[in-house]
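Engineer: If you want the building blocks of each chain, they are given just below.
There are 2 protein chains.
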Amino acid sequence: MPELRKDPVVGRWVIISTERARRPTDFHRDPVRAHGDRCVFCEGNEDKTPPEILAGRGDSPPNGPGWSFRVVPNKFPALRIEGDLEPTGEGLFDRMNGVGAHEVVIETPNHHGSLATMSVDEVADVLVAFRDRLSDLKKSPRFEYVLVFKNRGEAAGASLEHPHSQLIATPIIPIMVSEELEGSARYWKMKERCVWCDIIHQERRERRRVILERDGFIAIAPFAPRFPFESWILPIKHRSAFEELEVDETRHLAALLVEFFRRLSTTLNEPPFNFMLHTAPLRETGLEYFHWHLEIIPKLANVAGFEWGSGFFINPMPPETAAAALRGEAE
Amino acid sequence: MPELRKDPVVGRWVIISTERARRPTDFHRDPVRAHGDRCVFCEGNEDKTPPEILAGRGDSPPNGPGWSFRVVPNKFPALRIEGDLEPTGEGLFDRMNGVGAHEVVIETPNHHGSLATMSVDEVADVLVAFRDRLSDLKKSPRFEYVLVFKNRGEAAGASLEHPHSQLIATPIIPIMVSEELEGSARYWKMKERCVWCDIIHQERRERRRVILERDGFIAIAPFAPRFPFESWILPIKHRSAFEELEVDETRHLAALLVEFFRRLSTTLNEPPFNFMLHTAPLRETGLEYFHWHLEIIPKLANVAGFEWGSGFFINPMPPETAAAALRGEAE
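Respectively, the protein sequence lines represent chains A and B.
Heads up: the first sequence begins at 0 in numbering that gives the first Met the number 0, then just goes up one per residue.
Heads up: the second sequence begins at 0 in numbering that gives the first Met the number 0, then just goes up one per residue.
Errors might be hidden in some of the hints.
Copies of the same chain are indistinguishable here, so a pair counts whether it falls within one copy or spans any two.
When the alpha-carbon atoms are kept at most 25 angstroms apart in a straight line, the in silico DSS-like pairs for lysine-lysine are as follows [to be verified]: (1) Lys47 x Lys74; (2) Lys188 x Lys236; (3) Lys236 x Lys47; (4) Lys5 x Lys190.
Just so you know, these hints were derived from the structure itself, not from any lab.
Using the sequences provided together with the hints, build the complete structure.
Structural biologist: Structure (structure tokens):
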């Protein structure tokens, strides 16, 4: 059973994923697995994954070919779906069982596809899959949060090349989400306005950090980005929970995403990247002070000791320059 | 002038290091520069660095050969020594000038040396250099903190191979240090004991996560490590400020460090790693609730979207197993 452990000083939880444990000598970088018969996510290899939870299919039967996307449990889950938390102390330390869900969204049967080349309909389907899994996992009272994320490219932590994203449901609200919630609530208390709405308002007025805007969604380079070309995508209207997205909105968001990733790929030559969806906790929808958003971070350099030790990030790329480049302008 | 910018939601500062700014097309991974005439840190190439601030020398004149270690300003500093902070607002955003110090400690003239192979005396000299630079930078009222850190190997963010560490003095206490200070103060308020002293006490009693202990210093695998083989080194007696280290203590700490890095190199085949020194802020020495410590994180895998989005780290290596391996036992 994986274990959740809490740092007694800063209160940060980690997942000690014992079932993935390796011998000390096994720690080397895993190569990204290639295309072909051996790709477990390709069409025809459905038996290589656990049975699907959700899929885009016409008449084809489950767990065989003939799909546009599939959602399956992660074969090597960081957390386990069965069991109780059983929180216990060990002297001054706190631990609990690593209970949660870990799923993979196989975004397309096309091994060589990407968010930059998929059709708007295909990407909209993936967004609907995210939404439906969020709504479904919300029914389990054991989960407090679902983090949807994507690792693309080896430098971004992907171990498989085939286009996919993931979600992990956790029994605790992750510390980074808590910090955003607390910061947003603090701002609301002071101003009675959503800080994210205020950011969008200011960015739309100033334009310098706006990358792209269409049909109710906006992509911006944030004022204080940790990474070169870090970008945020938000609904322009106030919305705290991603799963409240309506069907026509998923198409609008998909269109913006495809355009964004097309520009990112062109500007940076298909960079490795991560994205992470920050939405309201499962039990706290309809928050007036929080605003869901997607954070995209290209992986262009290794994070080093100063960042790990300080939490200060050194970013050589001003967001105004990054936004201009992604708009297709030389600033 | 580099700029410090604050995220309006979570309050995290970043350094937009405009003087290092590159064109979008320039973002590729820098190769680690090799040995030979072209290594700017090798003996004989002293004119390739800015003039030294401090060095270990017998009779040799400054900025020429004949040294055991050198401290020089970073040629491409993340922050600039000149100027005032001039904090200003831009709508809801906050910024200030990127004022600070950025220095490099060249640890040995031996290009192929490492903390695992240097002599105890050589490492003790490096520790004295850290201490003396901390004490000296403390005299400037503009600085609140000095972070001492090391990047070893390309995967850990090093751009030069020659053994070196760095320090950055900042006008703000870094958020990660603040979080540790706050957590430690909270524990003190509850228990009137130093949480770090309590951790050391429990670890010494349980032994399972102790890697090494000698002459007043201890190396442990922390209970909730973010990374495989993450290790902390602390003085066993309560000490909040590194710069209060006495001369005989630097030798004891150096001996433990050499032994620790020897074991780390053997167990993981000279892994890339970072270390970060967490000591009390410059204006807050003699804290009863904080305890200085060195955090060492080998870079064995890429950090991925889940970690960046949640702050939850997934670690496949239980610290008990890591400590046993570093003790030379199979657990």
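Engineer: List in ascending order the numbers of the hints, as given earlier, that are violated by the structure.
Structural biologist: Of the numbered hints given earlier, the structure breaks just one, which is hint 3.
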